[in-house]
Amino acid sequence: MTIGILTSGGDCPGLNAVIRGAVIKGDRIHHESFVGIKDGWRGLVEDDIEPLPRYDVRGLSRLGGTILGTSRTNPFDHGGAARVREVMAGHEMTGLIAIGGEGTLTAARRLSDEGIPVVGVPKTIDNDLSATDYTFGFDTAVSIATESIDRLRTTAESHHRCMVVEVMGRHVGWIALHAGIASGAHAILIPEVDVSLEQICEWVEMARDRGRAPVVVVAEGFVPEGVEHVHAPRGLDAFGRPRLGGIGEQLAPALEEKTGIETRSATLGHLQRGGVPSAYDRVLATRFGTAAVDAVVDKQWGSMVSLIGTDIESVDLHSATTVLKTVPRERWDEAAILFG
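With the working numbering applied, the sequence shown corresponds to residues 0 to 339, in that order.
Honestly, I wouldn't trust all of these hints.
[Unchecked claim] FRET-style restraints, in silico, Cβ to Cβ: (1) 325 x 114: 29 to 37 Å; (2) 154 x 29: 49 to 57 Å; (3) 322 x 256: 52 to 60 Å.
[What the hints assert, rightly or not] Straight-line C-alpha distance at most 30 Å; calculated DSS-like pairs for lysine-lysine: (4) 298 x 37; (5) 298 x 257; (6) 298 x 24; (7) 37 x 24.
Just so you know, the hints here were simulated from the structure itself, not pulled from any lab data. Backbone N, C-alpha and C fix where the C-beta goes; we use that ideal spot for every residue, glycine too.
Full structure from sequences and hints, please.
This is the structure:
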């Protein structure tokens, strides 16, 4: 058996740990060989594939990014299942491990429905995939966001400013919620909860009146009450999704105008994706990698490895990709008690 591995979609810390775990266990326990598919689905449809021996994955668990590269190519724009089947046959690939988030695993699910032997591994800093308690990359992103907010708070306090910090979160606010709670933010704005500009101003003024420099954490997908569409000035990506970013820059001048408090915005952006993975993400990603190889050997096609409690299990890709795991209102309400 030759097993192909690809990493697709947005990169995040922990991808290399998955690759290392899969290749080492596959080689040592199952005696399988591997090929690395370059730049996600692009490498598969364009036949950009190289051998991936165990020697090449030494020491990878501590490295950020992905040695295989990634892209947001949609395989169904480039021949779909027929082309994927052709390239896999040319390399005698009998199984495929696809490591990615919502877009990647949705494509994997569609390919599986058309007979492609694929197993998914959940990767997204947004932590928005159903059927798994956590995705690797999330813990690292929250840690980076929390440290960044802590740093921004000190400069805001020095100048008596309000700081609006934009973090990633396309459809869900898990990063904003966790980083906001950890850093003691005075308001946390997420896509799941409508909040008016007047309410945000009230929280900001409450913090100012107590002698604090207000900190507002906002997910990039947040839509203020009364606004119809998410802020997406850069068009659509290859999967037809809006390219988000800039809500913080919109909120900052509006808050300054209404409150009279000098306000600055900071967009953390790809800082949250970069750097080395946290210890938690290294362990989780490694466990996902070894479990994915077991699923391939057992021919559990159309499945995704998943963290349920403390156990790694296999779940159906359909259950993992058809419903987003959003922040429950009660979780935000818990945090909102601390706002202002």
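Report task. Please write out, lowest number first, the hints stated earlier that are contradicted by the structure. Result -> 3 and 5
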